[in-house]
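Student: Okay, here's what each chain looks like letter by letter:
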Amino acid sequence: MSEEKLIKNDIRPDGRKLDEMREMEARAGVIDRADGSGYFRLGNTIAVAAVYGPKELHPKHLVDPVKAYVKCRYNMAPFSTSDRIRPGPNRRSTEISKVIKDALSSVIFLKEYPETSIEIFIEILQADASTRCVGLNAASIALADAGIPMKDLVTSCAAGKVEGTMILDVAGIEDCEGEVDLPIAYVPRKNEIYLLQMDGIINKDELKKGIEMAIKGCKVIYEKQKEALKNRYAKKGVDKK
Amino acid sequence: MSEEKLIKNDIRPDGRKLDEMREMEARAGVIDRADGSGYFRLGNTIAVAAVYGPKELHPKHLVDPVKAYVKCRYNMAPFSTSDRIRPGPNRRSTEISKVIKDALSSVIFLKEYPETSIEIFIEILQADASTRCVGLNAASIALADAGIPMKDLVTSCAAGKVEGTMILDVAGIEDCEGEVDLPIAYVPRKNEIYLLQMDGIINKDELKKGIEMAIKGCKVIYEKQKEALKNRYAKKGVDKK
Amino acid sequence: MSEEKLIKNDIRPDGRKLDEMREMEARAGVIDRADGSGYFRLGNTIAVAAVYGPKELHPKHLVDPVKAYVKCRYNMAPFSTSDRIRPGPNRRSTEISKVIKDALSSVIFLKEYPETSIEIFIEILQADASTRCVGLNAASIALADAGIPMKDLVTSCAAGKVEGTMILDVAGIEDCEGEVDLPIAYVPRKNEIYLLQMDGIINKDELKKGIEMAIKGCKVIYEKQKEALKNRYAKKGVDKK
Amino acid sequence: MMTEIDKEYVRTIIKGDKRPDGRGFEEFRNLKIEQGYVKNAEGSAMVTLGKTKILVGVKMSIGEPYPDSPDKGVLMVNAELGPVASPDFESGPPRPQAVELARVVDRGVRESKSINMEKLCIEKGEKVWLVAVDIHILNDYGNLIDAAGIGAIAAILDAKIPGIKEDGTPDIENRKEKLDVTQIPITCTIYKITGKMVLDPDLKEESAVDGRLTVTTIDGSICAMQKGGVCGFTPEEVYKAIDISIKKGNEIRKKYFK
Amino acid sequence: MMTEIDKEYVRTIIKGDKRPDGRGFEEFRNLKIEQGYVKNAEGSAMVTLGKTKILVGVKMSIGEPYPDSPDKGVLMVNAELGPVASPDFESGPPRPQAVELARVVDRGVRESKSINMEKLCIEKGEKVWLVAVDIHILNDYGNLIDAAGIGAIAAILDAKIPGIKEDGTPDIENRKEKLDVTQIPITCTIYKITGKMVLDPDLKEESAVDGRLTVTTIDGSICAMQKGGVCGFTPEEVYKAIDISIKKGNEIRKKYFK
Amino acid sequence: MMTEIDKEYVRTIIKGDKRPDGRGFEEFRNLKIEQGYVKNAEGSAMVTLGKTKILVGVKMSIGEPYPDSPDKGVLMVNAELGPVASPDFESGPPRPQAVELARVVDRGVRESKSINMEKLCIEKGEKVWLVAVDIHILNDYGNLIDAAGIGAIAAILDAKIPGIKEDGTPDIENRKEKLDVTQIPITCTIYKITGKMVLDPDLKEESAVDGRLTVTTIDGSICAMQKGGVCGFTPEEVYKAIDISIKKGNEIRKKYFK
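Protein chains in written order, with our numbering: chain A, 1 to 241; chain B, 1 to 241; chain C, 1 to 241; chain D, 1 to 258; chain E, 1 to 258; chain F, 1 to 258.
Calculated from the structure, these hints are not laboratory results.
Note that the coordinates shown come from a computational prediction; the quantities given were computed from them, not determined experimentally.
Heads up, a few of these hints could be off.
No farther apart than 25 Å at their CA atoms in a straight line, the calculated lysine to aspartate or glutamate pairs in the DMTMM-like style are these [unchecked claim]:
1. 71(B) - 210(D)
2. 101(C) - 88(F)
3. 7(E) - 32(A)
4. 60(A) - 90(E)
5. 7(F) - 112(B)
6. 67(C) - 88(E)
7. 67(A) - 56(B)
8. 216(B) - 25(B)
9. 67(B) - 212(C)
10. 165(E) - 23(A)
11. 39(E) - 35(A)
12. 55(B) - 237(D)
13. 60(C) - 175(B)
14. 196(E) - 205(C)
15. 71(C) - 90(F)
16. 240(E) - 212(C)
17. 101(A) - 210(D)
18. 165(D) - 180(F)
19. 101(B) - 4(B)
20. 119(D) - 177(A)
21. 236(B) - 210(D)
22. 60(C) - 56(A)
23. 39(E) - 56(A)
24. 204(E) - 14(A)
25. 247(F) - 25(B)
26. 165(D) - 175(B)
27. 60(A) - 237(D)
28. 209(A) - 88(D)
29. 113(E) - 4(C)
30. 208(C) - 88(E)
31. 165(D) - 88(F)
32. 208(B) - 88(F)
33. 111(C) - 210(E)
Chain D is nowhere near these chain B residues, computed Cβ spacing over 10 Å in every case [what the hints assert, rightly or not]:
34. 121
35. 165
36. 190
Each residue gets a CB set at the ideal place from its N, CA and C atoms; glycine is no exception.
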């Protein structure tokens, strides 16, 4: 760890303010084969997501007669990080797939599609922190694009603690040197948190501050997601003509 | 190998006589989730076993229309031996699962439960020789506790050859330095052997002596098993009141 | 690579001419358990193949209502090469299984056996180049021996380029030092190529020459295969008496 | 295994601010910790929480450090939800539930900097102690996460470092000093059932759980959190959950870890 | 996903010497190559071929050479046909289609001696660069093989060798010179549909394909071939396919690789 | 594949103290051992026992010894019951039957101290010969265990140790002395069918087997035993089985291994 401070006068290594997010980009309808798809970029973290379904479910013993079964796979492209990642699931990606699945299952009206499966595949193409958040944001767009009825879009964003200071949307060197990572998934319309993970030592006040910051970030993302979907529908309308 | 003899004047390293077993403990009903369960300890070797079933069998192509299908898994806890064991099956545990399954299948009235499966899971929690025997003894109790009809309890015990001498219930340093290991599973009421494995060089007379010793040991274990089941029923009776 | 030439005055290291194949041996009916089986040896490369089926297919979702499903496994015995091969499929054997399967599927009248599977298992017992060709030749015999209706026997043979010269049926040191390997599978009656792989730098004229040589080789093999089948039927006739 | 009827029964009772077995919402079932259960393990603890039974063992071996921490030991936490413990568990590689369980416990121990990993360096950049904490579920009767978290730290506190034989392998016959444990992280999970927050559900209650928030605490601070399940938590509920966990953590620490 | 009706429709049109989308038989769909897409990769290329989308990344690490080529780097090509890209793909270890795809692309690069592997030796017999080319399918809309082959060489051409840190690990912050690429192999596959040879089928056409012959070419020469599918090629058809591939290879090389 | 009718037929005949093919109860089918079948293997044997066919190969490579036996080579026995040999075998990792087969053969060779493993040390603690014995089943027509056991020792007796190349890898072009084999363990299994003890059942008989006892013997002594199947053996039956195995072992050793 360097002696010199990363954050000086409340300005972060990449020039951002403490509660400033990286610039971002959202798109819907990027994978033609899928029933719905989404793209989300937050700074240098890029994810695409595809949704297939509701569709018939194999093997049969997983079929739920009262609601849809949600399958979710979060996967990092082997070249998305500085060290190549061996293809195939690992413990980290298995856990992330599960927490993302739980978060998305929270908002889908699963009972509208009994006996079917809804499959969500997230690919991280380039990673610079917050990959689970960016993946969730893309998946949320993909679900909406697939026409799956949801209570609301899930939005996701992380806060963190670096040199004892709470900041929004940790990235780059902050991610390596930071003390705490705090990703959340949030649904604005319900004011509820559907994903929350935290590691690192933090007290309750700091945590509160982090969650408030992250919620602020989620609200910005929410607008981006909606815009992407609006553009998609507009384009679809044009295509139809 | 040390120059000094392990067995002196027919007294073994831990003070036992040649045909003396380690002290033991047996219990029934130790795993609430299971349909039947058992605990067996022989010296420092500890096993628990659970039985689930008779239950519906997946996948369907394994279903036998005339008798129950027996599944058996012998597993050592990763921390049960001096070197940690990687979780998951290995060649040794696969073989032991098979010979235990054969031995137990011998006594279960399988035709009473066609189309079902009876699942037996054995966990070795602490290992000091004879883990397959101790596992079998626990499994036998578990089957009886689950109310699975059997010809009799299977009991299991090992003899061995150390410094040319046949001894009962090899343990500790005897297990490392011994020449022959001879585990058997025996059913007293039938006077039949259902499991027998041996490795090491031995002549027929020694083998005969070993089997006789082991049968003697099995008879002691048999009483312990029955006592455990009696205590369990007594307790169940009390619980009911 | 040695300074000295492998091919001198159009004579190859093992004394063969440029377009001369190694001596070969073909047999049908070598594996009693199988519905059909074949043996093919080309020099020191030895393969056996077994065919099981047409038979019921598991799992059910693979069942094709209009034609038979072809399963094919090409496998090298662990001791068939100079370095032991770890048992189980690897990337090379997976690819070869697929191209062999495609080639054999081309000639089988699959629509005669809807909803069934035809299973082809090839074992390379000893490898000295051209294992996929020799395996295919054995499999072809096995299919015919199993009575599976085919347009024709598939025959297979490789050409290669060594020191800039096109030669037939590369083997031994030629295989290690050669520049190009060009295995094909050919059906004489149709004059069609069903398998073709090539690696190494080659121009179109050389390739043409190689293919012509390999076709010539295939025609020799074709006769050997037919002879093996004839002997088999003759023997079967004798057995019946 | 629990039926819809069981589930509805639990929900009705809890809506009425009671629990099926009469416990208070923030009351754990009877907790028993038996350290030193497994002689071959460097440390172990059999945890009984109501009818839930978990055996945690610590094994130490000698290996290479990670390149980015050449002077530190290596911690690994693994969980097996084997078929012995529940009709819902199957043989085979760890499924997502087991992976999540192991990783949540791992983060609690790791992030609290509970173990002084520098003390596990044998030869910088070459040889360090690898500490494998294996969570072995024997009977799943609800709230595995907290039982596993408590079992892990109990087993770690029980662990003694082996000696080193002449041939460089661990000598478990001559275990010497204990692991240097500076913090005692306690895992406490807040479960939401019909909007109420309850601690330590048993098997029947667990079938009615809508969501959970696991909070691992050390004295006064939080070191790891994990939300699970499908129901959401409002920010206020999160803050309340933290208060409960800190309080419960202190209580357990005082009672069981002196 | 394609129905028998779609398939028959395609076959009827192609029999009439036309294609459903009006292209000529030897005409590719619109091809777009975007190099440098992934910053963490040493090299990368996003290839869009009609609606088919493939991202190829090159990562380099330091490892040991093979004993029989102690002074050469090591090349590995891997393909993942993940479930994101098609309802026909599944999670799990690579299936035969993915293995074949990777190996065909691998042979094209390897046999063309495209990369100067001697330049990737760091310390003879001890340390060399391992070059991992990962083909990541994002949308399968037909002709994956050619898109993957073109993407692989584009990503390789984009790749820069990392520096080496003091601790001997790659320093991707200080990438320096490019890989020494001496040949540009182009993969071009001839597909047979009802006896006609067509290039670059889209998804619908692909469902009607009877067989294919992949030919990878460098200037004037062929460096790898692979026949697939169940229909045969006469020797004359093979020779014709080679002519088409050489021509198309030159065309693509000129247009996209200057 | 065998029907209940086949099975009952076999049982009826055997009850009448006869065998379907007229052999005596202690009579093996025709046994043929062809050593040196595989040129690339250090040793090999094709064993034909009636219609049962097994090819066993021995490959040797150079590797590290186990820490607790630094001056000894390493023996590995592996069996593949591949789908080529029987409609009952499937592709995939070895199933319990294959594992048991390999381990029974392994123990026979290992416990008899058949191979002088000290002679396989190249450099104490660093380099030894690893001896891989692979049992490859080609046609399963009954009594695989005995055929595999006999094939293993035949292949081991056939094996010659490779030379060592300058780069430290095995040189199979220059194989030199044979493995030092001091004991010839013979595997003989006693099968119980309707209470009778028979040797070497063929496929049809095997379907009627209730239990088996495998006894591996060297001159006058027993070195490994394995009971399988569901019927029991009384102690007296065990002792009788041993007598039969010793006798048969001597017979086979004399006839086939000089």
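Student: At 10 Å, judged by beta carbons, does residue 121(B) keep clear of chain D as stated?
Tutor: 4 Å, violated
Student: Check the hint pairing residue 247(F) with residue 25(B) against an upper bound of 25 Å on the C-alpha distance.
Tutor: 43 Å, violated
Student: Compare the distance between the alpha carbons of residue 165(E) and residue 23(A) with 25 Å, and conclude whether the hinted pair is satisfied.
Tutor: 31 Å, violated
Student: Taking only the CA atoms, is the gap from residue 71(C) to residue 90(F) under or equal to 25 Å?
Tutor: 12 Å, holds
Student: For a C-alpha distance cap of 25 Å, please report whether residue 55(B) and residue 237(D) respect it.
Tutor: Distance ~42 Å between residue 55(B) and residue 237(D) Cα, so the pair is violated.
Student: Are residue 7(F) and residue 112(B) close enough, with their CA atoms no more than 25 Å apart?
Tutor: Between residue 7(F) and residue 112(B) the Cα gap is close to 22 Å, so the pair holds against 25 Å.
Student: What's the verdict on residue 240(E) and residue 212(C), does the C-alpha distance respect the 25 Å limit or exceed it?
Tutor: Given that 25 Å is the threshold and the Cα spacing comes to 15 Å, the pair holds.
Student: Please confirm whether residue 190(B) is truly not at the interface, meaning its C-beta sits more than 10 Å away from all C-beta atoms of chain D.
Tutor: 29 Å, holds
Student: Could you grab the alpha-carbon distance between residue 208(C) and residue 88(E) and see if it respects the 25 Å cut-off?
Tutor: Violated, at about 37 Å.
Student: Run the distance test for residue 165(D) versus residue 180(F): straight-line Cα separation, threshold 25 Å.
Tutor: At roughly 33 Å apart (the allowed maximum being 25 Å), residue 180(F) and residue 165(D) break the hint.
Student: Does residue 88(F) sit within 25 Å of residue 208(B), going by the straight-line distance between their CA atoms?
Tutor: 37 Å, violated
Student: Sort out whether residue 237(D) lies within 25 Å of residue 60(A), counting only the CA atoms.
Tutor: With a Cα-Cα distance of about 38 Å, the restraint between residue 60(A) and residue 237(D) is violated, given a limit of 25 Å.
Consistency note: the structure conflicts with the earlier hints numbered 1, 9, 10, 11, 12, 13, 18, 19, 21, 23, 24, 25, 27, 28, 30, 31, 32 and 34.
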